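S.K.: Model the full structure from these sequences, guided by the hints.
Heads up: the sequence lines are chains A and B, in that order. Using my numbering, read the first sequence as starting at 13 and increasing by one per residue. Using my numbering, read the second sequence as starting at 13 and increasing by one per residue.
In short, the hints are calculated from the structure, not lab data. In this text the structure is predicted, and so the values were computed from the model without any measurement. Do not take every clue at face value.
You can't tell identical chains apart in this list, so a pair holds if it fits in one copy or across any two.
[To be verified] Below, simulated EDC-like cross-link-like pairs (lysine to aspartate or glutamate); rule was C-alpha separation at most 16 Å, straight line:
id, residue 1, residue 2
1, 491, 43
2, 491, 80
3, 298, 413
4, 65, 353
5, 241, 475
6, 242, 88
7, 274, 429
8, 15, 475
9, 65, 352
10, 65, 400
2 protein chains.
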Amino acid sequence: MRKQIELLRRQSSRLEPDAAERERLLAAVSEYAQQFLNQLPDGPAYAGDRTGKGLLDSPIPETGIGIESILSLLSENIDTAGINPASPRFLGYIPGGGLYPSALGDFLAAVTNRYAGIFFASPGAVRLENMLLSWMAEIVGYPSSTAGNLASGGSIAHLTGIVTARDACDIAATRVQTAVVYLTTQTHHAVDKAVRIAGLGNCVRRIVPVDGRYRMDVTALAQAIAADKKAGLQPWLIVPSAGSTNTGSIDPLPAIAEIATKHNLWLHVDGAYGAFFVLCPEGKQKLQGMELSDSLVMDPHKTLFLPYGTGAVLVRDAQRLHASFSAEADYMQDTIHRLDELSSADLSPELTKHFRGLRLWLPLMLAGVAPFRAALAEKLLLTRYFYEQIRAVDGFHVGPEPDLAVATFWYEPPRGDANAFNARLVQELQNSGRIFLSSTRLGERFVLRVAVGVFRTHLDTIDEALEIITHTARNLAQKS
Amino acid sequence: MRKQIELLRRQSSRLEPDAAERERLLAAVSEYAQQFLNQLPDGPAYAGDRTGKGLLDSPIPETGIGIESILSLLSENIDTAGINPASPRFLGYIPGGGLYPSALGDFLAAVTNRYAGIFFASPGAVRLENMLLSWMAEIVGYPSSTAGNLASGGSIAHLTGIVTARDACDIAATRVQTAVVYLTTQTHHAVDKAVRIAGLGNCVRRIVPVDGRYRMDVTALAQAIAADKKAGLQPWLIVPSAGSTNTGSIDPLPAIAEIATKHNLWLHVDGAYGAFFVLCPEGKQKLQGMELSDSLVMDPHKTLFLPYGTGAVLVRDAQRLHASFSAEADYMQDTIHRLDELSSADLSPELTKHFRGLRLWLPLMLAGVAPFRAALAEKLLLTRYFYEQIRAVDGFHVGPEPDLAVATFWYEPPRGDANAFNARLVQELQNSGRIFLSSTRLGERFVLRVAVGVFRTHLDTIDEALEIITHTARNLAQKS
Chain A
13 MRKQIELLRR
23 QSSRLEPDAA
33 ERERLLAAVS
43 EYAQQFLNQL
53 PDGPAYAGDR
63 TGKGLLDSPI
73 PETGIGIESI
83 LSLLSENIDT
93 AGINPASPRF
103 LGYIPGGGLY
113 PSALGDFLAA
123 VTNRYAGIFF
133 ASPGAVRLEN
143 MLLSWMAEIV
153 GYPSSTAGNL
163 ASGGSIAHLT
173 GIVTARDACD
183 IAATRVQTAV
193 VYLTTQTHHA
203 VDKAVRIAGL
213 GNCVRRIVPV
223 DGRYRMDVTA
233 LAQAIAADKK
243 AGLQPWLIVP
253 SAGSTNTGSI
263 DPLPAIAEIA
273 TKHNLWLHVD
283 GAYGAFFVLC
293 PEGKQKLQGM
303 ELSDSLVMDP
313 HKTLFLPYGT
323 GAVLVRDAQR
333 LHASFSAEAD
343 YMQDTIHRLD
353 ELSSADLSPE
363 LTKHFRGLRL
373 WLPLMLAGVA
383 PFRAALAEKL
393 LLTRYFYEQI
403 RAVDGFHVGP
413 EPDLAVATFW
423 YEPPRGDANA
433 FNARLVQELQ
443 NSGRIFLSST
453 RLGERFVLRV
463 AVGVFRTHLD
473 TIDEALEIIT
483 HTARNLAQKS
Chain B
13 MRKQIELLRR
23 QSSRLEPDAA
33 ERERLLAAVS
43 EYAQQFLNQL
53 PDGPAYAGDR
63 TGKGLLDSPI
73 PETGIGIESI
83 LSLLSENIDT
93 AGINPASPRF
103 LGYIPGGGLY
113 PSALGDFLAA
123 VTNRYAGIFF
133 ASPGAVRLEN
143 MLLSWMAEIV
153 GYPSSTAGNL
163 ASGGSIAHLT
173 GIVTARDACD
183 IAATRVQTAV
193 VYLTTQTHHA
203 VDKAVRIAGL
213 GNCVRRIVPV
223 DGRYRMDVTA
233 LAQAIAADKK
243 AGLQPWLIVP
253 SAGSTNTGSI
263 DPLPAIAEIA
273 TKHNLWLHVD
283 GAYGAFFVLC
293 PEGKQKLQGM
303 ELSDSLVMDP
313 HKTLFLPYGT
323 GAVLVRDAQR
333 LHASFSAEAD
343 YMQDTIHRLD
353 ELSSADLSPE
363 LTKHFRGLRL
373 WLPLMLAGVA
383 PFRAALAEKL
393 LLTRYFYEQI
403 RAVDGFHVGP
413 EPDLAVATFW
423 YEPPRGDANA
433 FNARLVQELQ
443 NSGRIFLSST
453 RLGERFVLRV
463 AVGVFRTHLD
473 TIDEALEIIT
483 HTARNLAQKS
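M.R.: Structure below.
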C-alpha cells in the first residue's frame, strides 16, 4: 500500500508548484495585471461585440497547459469582452472600480487560507473582521450592541437582515400571509428576492407612494400602516433606501424611524449603495436618521471601491442576529470554548467562507480613511457638476436633483417618441465603447443614468462624458 | 466647483498607487506569501496560545501606514494564531489546503473586477463559470438540463438547493407545519440551518435511523415516509450525505433515490465533502446513485483543495433553479438581451458577486484533472492506511471502516472514563501544535477524527501523526 501511495503522490505533484515555479507563475500574472491596469486610462469601458466564445474550444484538460496560454484565453475571452468595471469611464449601474490593495488582500487570504468563520480556528481573522464591522458601526452611529457580517455582497447581506427581522418579529410560517412589508417602487429588487428566499413570498408588499424626488411619502406610509392594522394585518418591516439604485434618492429616514418606533416595526435600511457616503460631511448630513434603524446593509464593494465580493450587514441588537444564525454540531465541539469574540458562523448564513476581511483591511490600512472621505466628496461634486452641465445643454432634461452620485437625464428629440430615442441613445453610447452608461425608467419615462462611483473617475472623465453624450444625442437627432 | 473637485482628487490619490508603487506592494506581499509557504513543511499546524489581541492596538487609521507594518500585524496576529489550514499536518474538520494558483486567480479577479453575475456585463466570465459547472455536472453524471452555481461555500449552496426544492414542491408558508424532511443524525448542520433560513423552521424533521456504519437505514426511511403519508403529512425532501462530516459515510444513494422517485420526493444530496471523489475510480464506485438526485452540493474548497470561498450547487432541472432565483428591475433593463448563457444572478441568491470561477479554473487548467484524480486516490489510501495502522496499536479502537478520507478512533484507557480520556487526548494533541486533529461524538462515544484532505498531506505526515498519537496516548495513560 505504501508504494501505491507514493506513486499517487508523484502523480499529483503538479498541485504543489515549488518556490521557483510559484515565482514564475506570479511574475506572469503580475505582468498581466500591470498591463491591464496601465491600459485603463485609454482602454474601452465596454466591448459589446465579444462574447468569450473562444473559451468553448478549451475545455478543462486532463493534462495541464502553460500559464501563458491560460492568460491569453483570459485576455481574449474575458477581460476584453463586455463591460470593464475597472475603467474610469464605467458610469453604469453602481460602479466602484476595484482597489488594487484588495487584490493583494485576496491573494494573501487564499495563500494563507485562514478559516475566518470561527474564533477558535482563527482568532486573529475573526477579530479583524469584527474590528472592521465595529468601525462601520461607529461611522454610521450604531451602538456598541451591534454585530454584523461581511457578506459576499448586498443580496446575502439583505437576506441576513431580513431573516433576522423575520425571526425577531416572530413572523412564523402560519402568519406570513397577513404580514406586511413596506417598500417603494425604488426599493432594490434584492430586497424582494431576499423576502422570497426567506419563505415570505406570500407576505403582503405595500408599495408606498413616492414624492417628486422618488422618496418614500411618509404620510402615505403612516396611513398605510394604520389601515393595515385596522384590517387585521400585521405590519412588521419597513425597508427605506439610503441611496436608491435608480436615482440615488434617500428616503426621509428620521420620519420613517419615528413611525417604525411608534408602531414597533423593524426598520431595515438599504444603504448598500449609499451608507458609506457618511464618511464625508455632505453625505453624513444627508444620511441622518440611518443610525435609528434596526439593521443596515452597506457594501464595501460599492462605495468603498472594493472589487466585487464584499457586502455587509449590521444589526443593532447582536443577540437578534445570533438567535437567527447560531447552530451547533458534534463535530464542532472543539470550537465552543473561549469566546473573546462572536464568530461569523454564528452571525450569518455561511459557515466555511472566504476571509473577506483582508480585502477591506489592506486598502483601509494602506491609505487611511482620509482619501476615502475625499474620494466620496469628489464623487458627489462630480455628479452635481454633471447634472448642472447637462441640464444647461439644449434638448436635455434632467431627473430629480441628485441626493448622492447618480444623475438621470434624457434628450427630448425634435420629433418622434422620446423613450424610443433615448433607448437608441443609450445603445449608441454603449456601442461607442468609450463610456458606459446604463438606463432605467422613472415612471413611464425612459432615462439615462450617470453613476459616478469608480474611484478612478475624475473631472476629465466627466468632461469627456458630457462631450460624448451631447455629441451623440445631436447626431442621432439629426438622423431621426 | 472645478477647483474643489480637483483638490479632492489630489486628496484621494493614495487610492490609486502608480505602477512603481504597485510593483513595490506586490513584491512585499509576494515575499510574505513565499515565506509563509516555504515554512509550511516544518511550521506548526496550530497555535492555541495566540489570539490576535495585538490587532486591537491598531485601529483603522485616518492616515495610512506602510505595507511592512501591515504585514507584521498580519504575521503576528493572524497567520501565527489558531489553526493553520494550509499545513500538511492539518487533519481536522474537512481539510483542503488551498492551491496556490487559486490565489493567483483571486488576485486577477480582483484586479480586473469583472462582473460575473450577468452575461451582458461579462459574457466571458459567465461562460467560464457555466463551463466549470457543466464540467462538474459531467463528472457526477448529471444530464445536460443541469444548471448550477458557484457559491461562497457549502452553506449558501445548500440554501440554494433547498429553496429550489421548497418552491418546486410548492411548500407554501401555510403548509410548512405538515411538510416533512428526512435526515439522519449525521446530516451536516448547514442543512438544518438552510431549512431555517428558508422559512421552513417549523417543518417536521424526521431523523431516520442509521446502520452500524452511520448510513441511513433505507427500510426505516421507507417506513417513515409511509407512516407520515398515512398521518396526512407531506413528505417532500430527503437529504442523504455523500460523505458525512462526522465519519465520511455515504448513505445508500441508489436505494434512497428509488424511494424518492416512488414517492415523488425531492432528493438533495450533500456531497459538499464527498462528491469530488467521483474523480478517482474508487470514489466513483462508492458514489454510485449520486447522479439520480434532483440537486447536489459539492465544494471545490474541500475536495478540490481550493482555499476557502467556493462551494457549488447543481440542480438537475435548470428551470427549477431559475424559477426560484430570477428577478427583474428597471435599472437592469439593458441586461436582458442576448442570452447565450444563463446568468448566475438568475440562478442564485446573489446579484453582484466575486468572480469565483478564476480561482477554480486556474488550478484546473494549469495542472489538468489528472493530478486531482491521483491526489484524491492518495487521500483515500492514506486514510485506509491510517485506519489499519491505528487499529493495530494496543489500546486503540476504531470507528466504522472509512468510506472516504475520514477515520475515527479512540483510546481505551486502562482505568477511568474513556470519553474524558479522549477529550484530554485531543486537547494534548492540539496543544502540541505539530498536528491538528478534531473530535466528535458517535452516539455517546467521544472519538477523535483524522481527516486526510490537505493536498500537501502525504505518507510521511501520516506516519508522523501515527507516532505522535500513539506516543501522546500512552503518556497520558501512564499519568492517569
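S.K.: Up to 16 Å between alpha-carbons, please classify residue 491 paired with residue 80: within, between, both or neither.
M.R.: The answer is neither: 46 Å in one copy and 59 Å across copies each exceed 16 Å.
S.K.: Tell me, please, which holds for residue 242 and residue 88 at an alpha-carbon limit of 16 Å: within, between, both or neither?
M.R.: neither (61 Å within a copy, 60 Å between copies)
S.K.: Quick one: residue 65 to residue 400, C-alpha cut-off 16 Å, is that within a copy, between copies, both, or neither?
M.R.: neither (42 Å within a copy, 50 Å between copies)
S.K.: Classify it for me, residue 298 with residue 413: is the Cα-Cα distance of at most 16 Å met within a copy, between copies, both or neither?
M.R.: within (13 Å within a copy, 64 Å between copies)
S.K.: Between the shortest in-copy and the shortest cross-copy C-alpha distance, which are at most 16 Å for residue 491 and residue 43: within, between, both, or neither?
M.R.: neither (45 Å within a copy, 59 Å between copies)
S.K.: Check residue 274 against residue 429 for me: Cα-Cα at most 16 Å, and say if that holds within a copy, between copies, both or neither.
M.R.: neither (47 Å within a copy, 58 Å between copies)
S.K.: Tell me, please, which holds for residue 241 and residue 475 at an alpha-carbon limit of 16 Å: within, between, both or neither?
M.R.: Neither way: residue 241 and residue 475 sit 52 Å apart in one copy and 69 Å across, limit 16 Å.
S.K.: Reference check for the pair residue 65 and residue 353, CA-CA at most 16 Å: within, between, both, or neither?
M.R.: between (48 Å within a copy, 11 Å between copies)
S.K.: Classify it for me, residue 65 with residue 352: is the Cα-Cα distance of at most 16 Å met within a copy, between copies, both or neither?
M.R.: between (51 Å within a copy, 10 Å between copies)
S.K.: Have a look at residue 15 and residue 475 and pick one of within, between, both or neither, based on CA distance no larger than 16 Å.
M.R.: Between copies only: 14 Å across chains, 69 Å inside a chain, cut-off 16 Å.
Taken one by one, the earlier hints fail for this structure at numbers 1, 2, 5, 6, 7, 10, listed in ascending order.
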